[in-house]
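As they're listed, the protein sequences go chains A and B.
Plus 558 on top of the position in the first sequence (first one is 1) and you've got this note's numbering.
Plus 76 on top of the position in the second sequence (first one is 1) and you've got this note's numbering.
Worth flagging that the hints you see were computed from the coordinates, not collected in a lab.
Everything numeric in this text was worked out from a predicted model, so none of it was measured.
Ideal Cβ positions, reconstructed from N, Cα and C, are used throughout, including at glycine.
Be aware that one or more of the hints could be misleading.
Incomplete in silico selection of chain B near chain A, CB under 7 Å [as the list claims (entries may be wrong)]:
(1) 161
(2) 162
(3) 165
(4) 171
(5) 175
(6) 177
(7) 179
(8) 181
(9) 185
(10) 190
(11) 193
(12) 194
Below, a list of computed lysine-lysine pairs in the DSSO-like style, where the Cα atoms sit at most 30 Å apart [unchecked claim]:
(13) A:630 / A:719
(14) A:604 / A:756
(15) A:604 / B:195
(16) B:195 / A:741
(17) B:288 / B:117
(18) B:195 / A:756
(19) B:235 / A:756
(20) A:692 / A:604
(21) B:195 / B:288
(22) B:117 / B:329
(23) B:288 / B:276
(24) B:329 / A:756
(25) B:235 / A:604
(26) B:276 / B:329
(27) B:329 / B:106
(28) A:719 / A:692
(29) B:117 / B:195
(30) A:756 / A:741
(31) A:692 / A:630
(32) B:235 / B:276
(33) A:756 / B:117
(34) B:235 / B:195
(35) A:741 / B:235
(36) B:288 / B:329
(37) B:117 / B:276
(38) A:741 / B:288
(39) B:288 / B:235
(40) B:288 / A:756
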Amino acid sequence: MLYNVFVDPFVQMADMPDLLVQVLWEGTVAGVLYALIALGFVLIFKASGVFNFAQGIMVVFAALTLVGLHEKGVPALLALAITVGVMYALAWSIERVVLRPLVNQPDIILFMATFGITYLIIGLGEFIFGGRPKAMITDQLFLPRGAIDVHMLGGRVTFQKLDIAAAVIAGLMVLLLAVFFQKTRIGRALRAVADSHKAALSVGISLNQIWVVVWFTAGLVALVTGIMWGARSDVSFGLQIIALKALPVLILGGFTSVPGAIIGGLIIGIGEKMGEFYWGPLVGGGIESWLAYLIALIFLLFRPQGLFGDKIIERI
Amino acid sequence: MSARDLPRDPVPGETLLRVDGISLAFGGVKALTDVSFDIRKGEIRAIIGPNGAGKSSMLNCINGFYQPQQGRIAYRGVERRQMRPHDAASQGIARTFQNIALFRGMSTLDNIMTGRLLKMHVPFFWQLWRHGPAMREEVEHRRVVESIIEFLEIEHIRKVPVGRLPYGLQKRVELGRALAMEPELLLLDEPMAGMNLEEKEDMCRFILDVVKQYGTTIALIEHDMGVVMDLSDRVVVLDYGRKIADGSPAEVKSDSRVIDAYLGVGH
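Using the sequences and the accompanying hints, generate a full structural model.
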């Protein structure tokens, strides 16, 4: 038994390195997508202290809007532009209708409000676009199909072109966000708000404006996530449960850290695939769905603030 | 409304800000009751009073953190009922806080740089590329910030995250951030609280220099009576949310109601 758990999987890895590379790659791709979802959470949490339960449904709504518009005869790229506009409108209305009246309320109230947003968006989405799953318009958006086979390490490793595109686009997105945060006026204001609301107000930053920007940015991240994830399966409301996958990522990376979200995503993605492939058979498989939570739980025991999260210091 | 749209600049000695019959309550608790006074351009105006007298509430009304239920505030002759903090900031009102509010994760330089945010106008896309106009603007703001750093003698902590600085220096950085906004009216909420004698003397010197060098008008809350008497031109005294005295330091010091408030009636 101990041999099966602690030795055999590693023997397998060494025996078939090509298979290991394949598993690592699949894990990386899944991890990148988890990281994107977690990034949406982190952005909003940093700037407004709200845990946005609606992030998952924003992913679905963005993808659904894009596909739905295309179904109604709008050219793909125009539909993409309109979807970006819709995400802005959503951010603006959430700030107006939900955040502004609830400012200074306890966090739990804002958290509950995001539940409300979630169900409102579900209703709205179903009303406008219907509840049937739809296929992502992969080709129309010039996303590649097919796969590249690479012969290496005495075997063959398959890279789906779509996965490569997903990784590249996610990487670019993160890079762009980093530049945005570091270099621009709004980025600076965002960091200021994340640090201290009171101080930010005193130097003339408008919290309302920043909240719109943050929710819009989270909406854009949701759109990218929705396109990538939708292309791998399809676009349906079931997709929103991937938001739950972001929870262990956030626990791992810390709720306030952008690098944490990325590294956490990769750890969970790779850990999940490795676990499923090498240790899954020991218990009859199917551990992928809960392994992430197990990793996160173990992690919580040792670092409750996450890998990169701000250290929790309580004044007593 | 921006500073440009306002009437002509007030000359020194003219009224810059007038608060008129301000009342503020939180639920049933009255923080301020019918308080009126004015602040003249170029003066140092102290607001004093025992703990809980409503001094900080008064500053919070002036810069829009609180909205008083009654009364009016006229800044540069323009009356207003409601103002948000960022409006106050863009009209030239800067402030510091009793319990320092800095961006603790950022360096001294970045903290003071945030004071320039309102003065940055180059469009977003230029900023992304960090080129041409964006670069020129950045350099220009950086020059202002460096001159403030030099003025406050904090060159040695330029790159240090402020969360790591000792209290006295944090107060100084906070003052620097407010100065970076090039305010017309600077509100200082207990700038010397918790400082040792040497730090207090430094801070006094900076405040006097700010008035002299930048022509800034200052309203400050302070507990140290020695400091108040030395620094301020005029003093307003609050007690239980009401104004009980207003005048020169000497007048206020000999006012019997002020003595009662500080020492308790029947001293």
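List, from low to high, the hint numbers that the structure doesn't satisfy. 5, 9, 20, 24 and 38
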